[in-house]
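Chains as they are written, first to last, in my numbering: chain A, 1 to 132; chain B, 1 to 132.
Since the hints were made in silico from the structure, they are not lab data.
A virtual CB, placed ideally from N, CA and C, is assigned to each residue, including glycine.
A portion of the hints provided could be inaccurate.
[As the list claims (entries may be wrong)] Reference listing, derived: stretches of chain B covered by chain A, where coverage requires no fewer than 3 residues with Cβ under 8 angstroms from a Cβ of chain A:
#1 5-18
#2 44-55
#3 70-84
#4 93-105
#5 108-118
[Said to hold, decoys possible] Straight-line alpha carbon distances no greater than 20 angstroms define the calculated SDA-like cross-link-like pairs of lysine to any residue that follow:
#6 Lys51(B) to Glu73(A)
#7 Lys51(A) to Arg62(A)
#8 Lys51(A) to Trp77(A)
#9 Lys51(A) to Ala74(A)
#10 Lys51(A) to Leu61(A)
#11 Lys51(B) to Trp77(A)
#12 Lys51(B) to Arg108(B)
#13 Lys51(B) to Glu73(B)
#14 Lys51(B) to Leu76(A)
#15 Lys51(A) to Leu76(B)
#16 Lys51(A) to Ala74(B)
#17 Lys51(B) to Ala33(B)
#18 Lys51(A) to Asp23(B)
#19 Lys51(A) to Glu73(B)
#20 Lys51(B) to Ala74(A)
#21 Lys51(B) to Thr29(B)
#22 Lys51(B) to Gly22(B)
#23 Lys51(B) to Thr28(B)
#24 Lys51(A) to Pro36(A)
#25 Lys51(B) to Pro36(B)
#26 Lys51(B) to Arg34(B)
#27 Lys51(B) to Arg62(B)
#28 Lys51(A) to Ala26(A)
#29 Lys51(A) to Thr28(A)
2 protein chains.
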Amino acid sequence: MGDAVARLLAANAAFYRAFAAGDMEAMTTLWSARRPVACVHPGWPALRGRKLVLESWQVILRSPPPVTFADAEATLWGDLAMVLCRENVDGTTLVASNLFAREREDWRMVHHQATPLTATPAEGAVPTVSVH
Amino acid sequence: MGDAVARLLAANAAFYRAFAAGDMEAMTTLWSARRPVACVHPGWPALRGRKLVLESWQVILRSPPPVTFADAEATLWGDLAMVLCRENVDGTTLVASNLFAREREDWRMVHHQATPLTATPAEGAVPTVSVH
Chain A
1 MGDAVARLLA ANAAFYRAFA AGDMEAMTTL WSARRPVACV HPGWPALRGR KLVLESWQVI
61 LRSPPPVTFA DAEATLWGDL AMVLCRENVD GTTLVASNLF AREREDWRMV HHQATPLTAT
121 PAEGAVPTVS VH
Chain B
1 MGDAVARLLA ANAAFYRAFA AGDMEAMTTL WSARRPVACV HPGWPALRGR KLVLESWQVI
61 LRSPPPVTFA DAEATLWGDL AMVLCRENVD GTTLVASNLF AREREDWRMV HHQATPLTAT
121 PAEGAVPTVS VH
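Construct the complete structure from the given sequences, taking the supplied hints into account.
Shown next as structure tokens:
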């Protein structure tokens with residue numbers, strides 16, 4: 001379990017390294033080739049399927065914005081897992097859900113969605129609940 | 001498989017019925033009580049854990065906005081599955097990823113994230129790729 005979480009968080013870190021470096025080869029390897037995949041970039045319509053998802057990253061990685069991540073937290077559901085983290089993309093803070101599927105010892109990305117943290121809440125007021 | 005997809009889409013529809021009706025009891029039942037859950041409302045920080053997630057829905061469902069959904073598409077990864085759909089929340093169009101875990105014959109929600117479709121893309125330009 002500990003190893004699985006460490007490998008999951010390493011896969012998430014590798015995703016942001018590939019993103020920041022504009023490394024399309026690494027990004028291609030990171031995304032699962034065996035499972036259905038999807039991606040929701042902020043403001044974009046949902047992209048379903050490896051072809052569309054990788055095409056979208058090709059567009060983005062042509063001129064990758066400065067991107068960092070923080071506060072990565074793992075949630076495991078067996079062979080599917082999620083890393084929630086904050087992204088800083090060119091000065092904008094976003095909240096990202098990164099889903100990974102276990103393939104042998106590796107975790108491959110199957111879904112990514114990022115939402116600007118400062119977007120006007122459309123589902124309700126800013127939470128009165130604590131997140132800590 | 002066909003039945004699983006039908007039940008998955010029915011669970012997704014039930015989520016929006018509970019949302020629109022401000023039905024906290026139905027919303028509480030919809031969310032998994034057995035698996036780790038999380039939720040990213042648009043503009044909000046990530047909420048992890050059933051307590052925080054349900055508290056956030058309690059806040060929202062006190063005065064639920066008019067909400068409808070469309071274009072629901074199912075992605076299955078075994079006992080975890082995702083429904084991607086568009087939400088219309090009080091006139092704002094969002095793209096939602098709704099994750100469900102299979103529990104016996106039911107699908108219970110384990111994650112929800114919604115991103116305004118019209119948000120300024122922070123990860124890249126509006127896609128040149130077709131989504132059809």
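Taking the hints in turn, this is what the structure says about them:
| no. | hint | verdict |
| --- | --- | --- |
| 1 | 5-18 | violated (count 0) |
| 2 | 44-55 | holds (count 7) |
| 3 | 70-84 | holds (count 9) |
| 4 | 93-105 | holds (count 5) |
| 5 | 108-118 | holds (count 8) |
| 6 | Lys51(B) to Glu73(A) | holds, 17 angstroms |
| 7 | Lys51(A) to Arg62(A) | holds, 17 angstroms |
| 8 | Lys51(A) to Trp77(A) | violated, 26 angstroms |
| 9 | Lys51(A) to Ala74(A) | violated, 27 angstroms |
| 10 | Lys51(A) to Leu61(A) | holds, 15 angstroms |
| 11 | Lys51(B) to Trp77(A) | holds, 18 angstroms |
| 12 | Lys51(B) to Arg108(B) | holds, 16 angstroms |
| 13 | Lys51(B) to Glu73(B) | violated, 28 angstroms |
| 14 | Lys51(B) to Leu76(A) | holds, 18 angstroms |
| 15 | Lys51(A) to Leu76(B) | holds, 18 angstroms |
| 16 | Lys51(A) to Ala74(B) | holds, 17 angstroms |
| 17 | Lys51(B) to Ala33(B) | holds, 10 angstroms |
| 18 | Lys51(A) to Asp23(B) | violated, 39 angstroms |
| 19 | Lys51(A) to Glu73(B) | holds, 17 angstroms |
| 20 | Lys51(B) to Ala74(A) | holds, 17 angstroms |
| 21 | Lys51(B) to Thr29(B) | holds, 13 angstroms |
| 22 | Lys51(B) to Gly22(B) | holds, 18 angstroms |
| 23 | Lys51(B) to Thr28(B) | holds, 10 angstroms |
| 24 | Lys51(A) to Pro36(A) | holds, 11 angstroms |
| 25 | Lys51(B) to Pro36(B) | holds, 11 angstroms |
| 26 | Lys51(B) to Arg34(B) | holds, 13 angstroms |
| 27 | Lys51(B) to Arg62(B) | holds, 17 angstroms |
| 28 | Lys51(A) to Ala26(A) | holds, 15 angstroms |
| 29 | Lys51(A) to Thr28(A) | holds, 10 angstroms |
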